[in-house]
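Trainee: Sequence:
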Amino acid sequence: MKIGIFCSANEQIDPDFFRMTEELGQWMGRNGHTVVFGGCNLGLMECVAKAAREAGGRTIGVIPSKVEKDGHVSEYVDVSIACDNLSDRKDLLLAHSDVCIALPGGIGTLDEVFTVAAANSIGYHAKRVILYDMKGFWKPLTTLLDTLKQQGFIRGDYQRQILTAHDLPGLISLL
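Taking this note's numbering, the leading residue of the sequence shown gets 10, the next gets one more, and so forth.
None of these hints come from the bench; they were simulated from the model.
Fair warning: there could be bad hints in the mix.
Unchecked claim - Calculated pairs, DSS-like style, for lysine-lysine (alpha carbon to alpha carbon, straight line, at most 27 angstroms):
id, residue 1, residue 2
1, K11, K144
2, K148, K136
3, K158, K144
4, K11, K136
5, K158, K136
6, K11, K75
7, K148, K158
Claimed, not checked - Quick list of the computed label-pair ranges, beta carbon to beta carbon:
id, residue 1, residue 2, range
8, N19, K148, 14 to 22 angstroms
9, Q168, S74, 31 to 39 angstroms
10, E20, G132, 33 to 41 angstroms
11, E84, D155, 36 to 44 angstroms
12, K158, V82, 34 to 42 angstroms
13, N19, D155, 37 to 45 angstroms
In this text, a Cβ means the ideal position worked out from N, Cα and C, and glycines have one as well.
Construct all of the structure, not just a fragment, from the sequences and the given hints.
Mentor: Next up, the structure:
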């Protein structure tokens, strides 16, 4: 399976997120899955690619020209796909993934989650995004989504597009 990973490129985050990301990457590598990620050598992006690769997996890095220009390309990229900007990157990440997982991250990660979910809800594709709720990271977001649904701003069941896993065994079962 090709698994798109959306996540932080920040180094200054909870060390538990790195440990849990490494476990995910190792599982992906041991089980022959391919990591499709932003190709950056920072934060959880680098962590998941390194762990998967060292466990025998393969990686596809979708790398915007700015990341390359700034010298932040991961050495753990097996297949490099160049792109011009973040919009292109999202489209290519989705095109090369069977399913997507969102690890803790910031604005870019939120953008990726909602791009996948919105396109799914309209019928452009049937791919889902799974929020890996490490240490309750995604709870505020799911609470907001529940509120939006209760107030009528989300039609249907958003949980068809956005699933949540609280631990690695739960995540694996959703895959």
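Trainee: Run every hint past the structure and note whether it holds.
Mentor: Each hint tested on the structure:
1. K11 with K144: OK: K11 and K144 at ~25 angstroms, within 27 angstroms.
2. K148 with K136: holds, 22 angstroms
3. K158 with K144: This hinted pair holds, its Cα atoms lying about 24 angstroms apart.
4. K11 with K136: holds, 12 angstroms
5. K158 with K136: holds, 21 angstroms
6. K11 with K75: holds, 25 angstroms
7. K148 with K158: OK: K148 and K158 at ~15 angstroms, within 27 angstroms.
8. N19 with K148: 14 to 22 angstroms: holds, 20 angstroms
9. Q168 with S74: 31 to 39 angstroms: Holds - the Cβ-Cβ distance for Q168 and S74, about 36 angstroms, lies within 31 to 39 angstroms.
10. E20 with G132: 33 to 41 angstroms: holds, 39 angstroms
11. E84 with D155: 36 to 44 angstroms: Cβ of E84 to Cβ of D155: about 41 angstroms, so the range 36 to 44 angstroms holds.
12. K158 with V82: 34 to 42 angstroms: holds, 40 angstroms
13. N19 with D155: 37 to 45 angstroms: violated, 27 angstroms
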